[in-house]
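Participant: Each chain, written out:
There are 2 protein chains.
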Amino acid sequence: MAVYTEVSDEELSAFLETYDIGTVLSYKGIAEGVENTNYFLHTTQGSYILTLYEKRVREADLPFFLGLMQHLALKGLNCPLPVSNRRGEPLGRVSGRPAVIITFLDGIAIRRPTAQHCGALGAALAKLHLAGQDFAMHRPNALTLEAWAPLFAQAEAQADTVSSGLAERTRRELAFLAEVWPRGLPAGIIHADLFTDNVFFIGPEVSGLIDFYFACTDAFAYDVAICLNAWCFETDGSFNLTKGQAMLAGYQAVRRLEPQEVEALPVLCRGSAMRFMLTRLVDWLNVPPGALVKPKDPLEYDRKLNFHRHVKHAREYGLEA
Amino acid sequence: MAVYTEVSDEELSAFLETYDIGTVLSYKGIAEGVENTNYFLHTTQGSYILTLYEKRVREADLPFFLGLMQHLALKGLNCPLPVSNRRGEPLGRVSGRPAVIITFLDGIAIRRPTAQHCGALGAALAKLHLAGQDFAMHRPNALTLEAWAPLFAQAEAQADTVSSGLAERTRRELAFLAEVWPRGLPAGIIHADLFTDNVFFIGPEVSGLIDFYFACTDAFAYDVAICLNAWCFETDGSFNLTKGQAMLAGYQAVRRLEPQEVEALPVLCRGSAMRFMLTRLVDWLNVPPGALVKPKDPLEYDRKLNFHRHVKHAREYGLEA
Chain L
1 MAVYTEVSDE ELSAFLETYD IGTVLSYKGI AEGVENTNYF LHTTQGSYIL TLYEKRVREA
61 DLPFFLGLMQ HLALKGLNCP LPVSNRRGEP LGRVSGRPAV IITFLDGIAI RRPTAQHCGA
121 LGAALAKLHL AGQDFAMHRP NALTLEAWAP LFAQAEAQAD TVSSGLAERT RRELAFLAEV
181 WPRGLPAGII HADLFTDNVF FIGPEVSGLI DFYFACTDAF AYDVAICLNA WCFETDGSFN
241 LTKGQAMLAG YQAVRRLEPQ EVEALPVLCR GSAMRFMLTR LVDWLNVPPG ALVKPKDPLE
301 YDRKLNFHRH VKHAREYGLE A
Chain Z
1001 MAVYTEVSDE ELSAFLETYD IGTVLSYKGI AEGVENTNYF LHTTQGSYIL TLYEKRVREA
1061 DLPFFLGLMQ HLALKGLNCP LPVSNRRGEP LGRVSGRPAV IITFLDGIAI RRPTAQHCGA
1121 LGAALAKLHL AGQDFAMHRP NALTLEAWAP LFAQAEAQAD TVSSGLAERT RRELAFLAEV
1181 WPRGLPAGII HADLFTDNVF FIGPEVSGLI DFYFACTDAF AYDVAICLNA WCFETDGSFN
1241 LTKGQAMLAG YQAVRRLEPQ EVEALPVLCR GSAMRFMLTR LVDWLNVPPG ALVKPKDPLE
1301 YDRKLNFHRH VKHAREYGLE A
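Chains L and Z, in that order, are what the protein sequence lines are.
Under the working numbering, the first sequence has 316 at position 316, and the numbering climbs by one with no breaks.
In the working numbering, each residue carries its 1-based index in the second sequence increased by 1000.
These are calculated hints, taken from the structure and not from any lab test.
Warning: the hint list may mix true and false statements.
Said to hold, decoys possible - Some residues of chain L that are not near chain Z, with every Cβ distance over 10 Å (derived): (1) Gly-29; (2) Ala-31; (3) Glu-54; (4) Ala-73; (5) Leu-81; (6) Arg-97; (7) His-138; (8) Pro-150; (9) Ala-153; (10) Asp-160; (11) Phe-233; (12) Gly-237; (13) Gln-260; (14) Asp-283.
Unchecked claim - No farther apart than 20 Å at their CA atoms in a straight line, the calculated lysine to aspartate or glutamate pairs in the DMTMM-like style are these: (15) Lys-296(L) - Glu-1006(Z); (16) Lys-1296(Z) - Glu-54(L); (17) Lys-1127(Z) - Glu-1205(Z); (18) Lys-1075(Z) - Asp-1134(Z); (19) Lys-127(L) - Asp-197(L); (20) Lys-1294(Z) - Glu-6(L); (21) Lys-1312(Z) - Glu-1179(Z); (22) Lys-294(L) - Glu-1006(Z); (23) Lys-1294(Z) - Glu-1035(Z); (24) Lys-75(L) - Asp-106(L); (25) Lys-1296(Z) - Asp-1193(Z); (26) Lys-294(L) - Glu-54(L).
Note that CB positions come from ideal geometry on N, CA and C, so glycine has one too.
Chain L extracted, bound-state conformation:
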């Protein structure tokens, strides 16, 4: 959460002249989004977010992300709508960075969700899956099974400095996942990063989903697994079955999981935990000097992975029989 790129008044003015969104009344750098620079923008026409894409987002992927947000917003999903400029394009440039203006969404990212929040999140996730079904573009998941071995290779030699035995545990788990990873599950657009920071609530209702910059085409149930990991564990590492029940019931009320998805869920949870453990581990071992962002703990996901190793059936996550 940081402002990586300072935008001068002149640059901002010149950029905004390419849009039809009124006169700027104020703009402030906001501490939101780990990957990009974001400004809150208040104009005579409303409130917006100006996002500057920093190098971690591939520019070639932006048409997919922006097209997806437009598609989902037009389908009635509460997500930011990229505003098109006077040339009809959502993507521009500021301070040498690709940049967009998106609509501002009210709502609060709940850091400690209750079971009620988890239920609402499950329903919102299923709605996202349904709304994305007729989106024409595709983007393969760049952080699924095939990516994990190369990621691990970057960290393997130092893994045991983070936790004793982590290298060996991860090697065995990767071999297991490569063998059993499910194929042919119902698939489509998934968010792939629906952590609590990326879901806004007003009261008990979901008011917005944001940050679609990991969205891709993959198994719906993998997205469910990501959310079980991100929302249903307590800070002490325990799995909260009530939250799992609420999330899965919320999801199924909108989109029923198919038998093969139910069967695959424990392995998908292991894979999802592996994905976040690995990216966090690589970040942890490569904190640049003067970094503005504190790296997240990879061992949180090592512990979650260990929990999932003992799960035999999706019922143990709270799935109704």
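Could you slot chain Z onto chain L? The hints should help.
Facilitator: What follows is chain Z alone, placed relative to chain L:
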């Protein structure tokens, strides 16, 4: 510019229940203010800033700062109004920090002001001086002449590592200033830190003055000197006479400088440059590891000081004869 203290949802909710400002719709940490943590707060009743005071602001000074902002806002000056809680007090506590909610002001901090901006700033500064005249509280300037020698003592030994000869130049200047520092000038409430970050514009008009946490009781003309230093030099170090003329004319259109203030202006400019050179030098030599804020260059003010040493009369700043 950073968020030093993370506020949890629970802490925020509990804090806001002590206010009568509606239901929170969103809040976001904003990159504003070097000294404090600020959140943008949108509620069903309007937009606010939640400020958490970090350790650099003395808690004992807060009643002065908050009382001053309330006084000035009620006098019609565009400055944030501290919102009183249900007990009628503007000051509360969040996450172990003293905290206030102030009204949100629209406007843009202009980083490269034109002469027109300087003129508007001059007038706004004079209005602030007049509006503060019947404010009952007093606060001595903690960063004036008497503070400079102790500040310099913290940096003297290392000063020449920053710029060759800086220690000797500063010693001589401090001796000079101690000898000639003007006393008995017209005095009252001064802002004492009215840099471009702390002045909002909408178009050519000043829409707000913010950040009163250096405000104190001191000579009005010293505040003028601070603004000449902060607003009328170009980034190449040259003094822009047109901007100086505009600022001083703008000021005098609201409050005419007295002959003794005019006479004192060159020395006050030297003193003001010394004050910012010294605090920047101490910060420069004491950057904590992992600092979120980049220290400002003390030599910018060493160069400004050198410019003022050659000024014989306030006319050279653009004061009309």
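Participant: If a hint holds in the structure, say so; if it doesn't, say that too.
Facilitator: We went through each hint and held it up to the structure:
For Gly-29(L), the condition that its CB be more than 10 Å from all CB atoms of chain Z is violated, with the nearest at approximately 3 Å. Taking the minimum C-beta to C-beta distance to chain Z, about 4 Å, the non-interface status of Ala-31(L) is violated against the 10 Å cut. Taking the minimum C-beta to C-beta distance to chain Z, about 15 Å, the non-interface status of Glu-54(L) holds against the 10 Å cut. With a cut of 10 Å on Cβ distances, Ala-73(L) stays outside the contact zone with chain Z, its closest approach being about 18 Å.
The claim that Leu-81(L) is not at the interface with chain Z holds, since no C-beta of that chain comes within 10 Å of its own (minimum 16 Å). The beta carbon of Arg-97(L) sits about 16 Å from the closest Cβ of chain Z, which is more than 10 Å, so the claim that it is off the interface holds. His-138(L), annotated as away from the interface, keeps every beta carbon of chain Z farther than 10 Å; the closest lies near 33 Å. In this structure Pro-150(L) is separated from chain Z by more than 10 Å, as the shortest Cβ-Cβ distance comes to about 31 Å.
Every C-beta of chain Z lies more than 10 Å from that of Ala-153(L), the closest at about 29 Å, which supports listing it as non-interface. Asp-160(L), annotated as away from the interface, keeps every beta carbon of chain Z farther than 10 Å; the closest lies near 26 Å. With a cut of 10 Å on Cβ distances, Phe-233(L) stays outside the contact zone with chain Z, its closest approach being about 18 Å. Here Gly-237(L) stays apart from chain Z, with its beta-carbon at least about 19 Å from theirs, past the 10 Å limit.
No Cβ of chain Z comes within 10 Å of the Cβ of Gln-260(L); the nearest lies about 37 Å off, and the non-interface call holds. Distance check for Asp-283(L) against chain Z: the nearest CB is about 16 Å away, which clears 10 Å, and the non-interface claim stands. Under the criterion of a C-alpha separation no larger than 20 Å, the hint pairing Lys-296(L) with Glu-1006(Z) is consistent with the structure, at around 15 Å. A hinted pair counts as satisfied when its Cα atoms are at most 20 Å apart, and Lys-1296(Z) with Glu-54(L) does not qualify at roughly 25 Å.
Distance check on the hinted pair: Lys-1127(Z) and Glu-1205(Z) sit about 14 Å apart at the alpha-carbon level, within 20 Å; holds. As the CA atoms of Lys-1075(Z) and Asp-1134(Z) are separated by approximately 10 Å, the hinted pair is consistent with the 20 Å bound. With a C-alpha separation of about 19 Å, the suggested pairing of Lys-127(L) with Asp-197(L) holds against the 20 Å cut-off. Taken as a hint, the Lys-1294(Z) and Glu-6(L) pair is honoured in the structure, with Cα atoms around 13 Å apart against an allowance of 20 Å.
Using a Cα cut-off of 20 Å, the hinted pair Lys-1312(Z) and Glu-1179(Z) holds, with the two alpha carbons roughly 17 Å apart. For the proposed pair Lys-294(L) and Glu-1006(Z), the alpha carbon gap of about 13 Å is at most 20 Å, so the pair holds. Between Lys-1294(Z) and Glu-1035(Z) the CA atoms are separated by roughly 12 Å; this keeps the pair inside 20 Å, and the hint holds. With a C-alpha separation of about 19 Å, the suggested pair Lys-75(L) and Asp-106(L) falls inside the 20 Å cut-off, and the hint holds.
At most 20 Å may separate the alpha-carbon atoms for a hinted pair to count; Lys-1296(Z) and Asp-1193(Z) meet this at roughly 14 Å. Proximity of Lys-294(L) to Glu-54(L) is assessed by CA-CA distance (about 17 Å); at most 20 Å being required, the pair is judged to hold.
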